[in-house]
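Student: For the protein sequence lines, the chains are A and H, in the order given.
Per the working numbering, the first sequence starts with residue 1, numbered consecutively.
Per the working numbering, the second sequence starts with residue 1, numbered consecutively.
Please keep in mind that the hints were generated in silico from the structure rather than gathered at the bench.
The reader is advised that the hints may include incorrect statements.
[To be verified] Straight line, CA to CA, 20 angstroms or less: simulated SDA-like cross-link-like pairs of lysine to any residue: (1) H:Lys93 x A:Asn71; (2) A:Lys52 x A:Ser73; (3) A:Lys30 x H:Val64; (4) A:Lys52 x A:Asn71; (5) A:Lys30 x H:Lys54; (6) H:Lys54 x A:Tyr98; (7) H:Lys93 x H:Val64; (8) H:Lys93 x A:Ser73.
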Amino acid sequence: DAGVTQSPTHLIKTRGQQVTLRCSPISGHKSVSWYQQVLGQGPQFIFQYYEKEERGRGNFPDRFSARQFPNYSSELNVNALLLGDSALYLCASRLSSYEQYFGPGTRLTVT
Amino acid sequence: GIQVEQSPPDLILQEGANSTLRCNFSDSVNNLQWFHQNPWGQLINLFYIPSGTKQNGRLSATTVATERYSLLYISSSQTTDSGVYFCAAEDGKTSYDKVIFGPGTSLSVIP
């Protein structure tokens with residue numbers, strides 16, 4: 001079975017632009033979560049979606065938004081990019097309340 | 001919300017040595033996972049261990065939920081064990097799957 005996939009792998013954007021990151025969960029997993037990992041730190045929780053509904057949100061500004069589609073894939077959108085948004089963005093999926101499985105991440109650089 | 005601490009922050013080992021990594025969490029958790037992050041950023045699942053002890057080859061983990069800590073043991077370390085080890089705890093007092101990562105332990109195994 002395929003693991004969690006994310007696209008694109010790398011992305012370079014300019015301050016003020018908008019970006020969309022994509023995630024496909026493991027087949028059968030209905031829960032998708034997004035994390036931001038800044039260099040040298042642990043991942044920080046951004047959102048959790050389950051059955052297309054937002055279930056939880058971390059301490060991130062409204063510039064960050066997400067959605068989940070009927071096939072359980074998900075998109076993370078970030079508007080008005082700042083230099084501080086440069087990070088590795090990780091997506092994770094899980095079956096019910098068991099262990100999470102992470103994708104390879106999207107490395108975003110904002111210049 | 002819960003706080004997750006890890007120690008030591010950095011560890012250098014000679015190949016073949018054993019080590020113990022510790023994870024402390026400040027409140028009750030629904031579950032706990034250990035991950036190894038490789039140099040490319042991929043988080044690799046090591047253990048899903050809300051309580052008790054598990055072993056997988058040279059690695060083992062123990063979680064004592066009542067005392068709010070978890071330990072990861074690495075025996076006969078190899079250079080391929082190098083990387084950052086994270087523990088991640090799911091907050092037991094939220095209605096959604098809010099997972100908090102510790103700051104990580106950076107392990108370097110030298111030949």
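Student: If a hint holds in the structure, say so; if it does not, say that too.
Tutor: Hint-by-hint comparison with the structure:
1. At most 20 angstroms may separate the alpha-carbon atoms for a hinted pair to count; Lys93 of chain H and Asn71 of chain A exceed this at roughly 29 angstroms.
2. Between Lys52 of chain A and Ser73 of chain A, the direct Cα distance comes to roughly 9 angstroms. Compliance with the 20 angstroms bound is thereby established for this hinted pair.
3. Between the alpha carbons of Lys30 of chain A and Val64 of chain H the distance comes to roughly 30 angstroms, so the proposed pair goes past 20 angstroms and is violated.
4. A threshold of 20 angstroms between alpha carbons decides the hint, and for Lys52 of chain A with Asn71 of chain A the separation of about 9 angstroms falls inside it, so the pair holds.
5. Our distance criterion of 20 angstroms between C-alpha atoms is broken by Lys30 of chain A and Lys54 of chain H, whose separation comes to about 27 angstroms.
6. Proposed proximity of Lys54 of chain H and Tyr98 of chain A is supported: the alpha carbons are some 16 angstroms apart, at most 20 angstroms.
7. A distance of roughly 18 angstroms separates the Cα atoms of Lys93 of chain H and Val64 of chain H; the hinted pair therefore holds under the 20 angstroms criterion.
8. Restraint check for Lys93 of chain H and Ser73 of chain A: the C-alpha separation of about 27 angstroms exceeds 20 angstroms, so the hint is violated.
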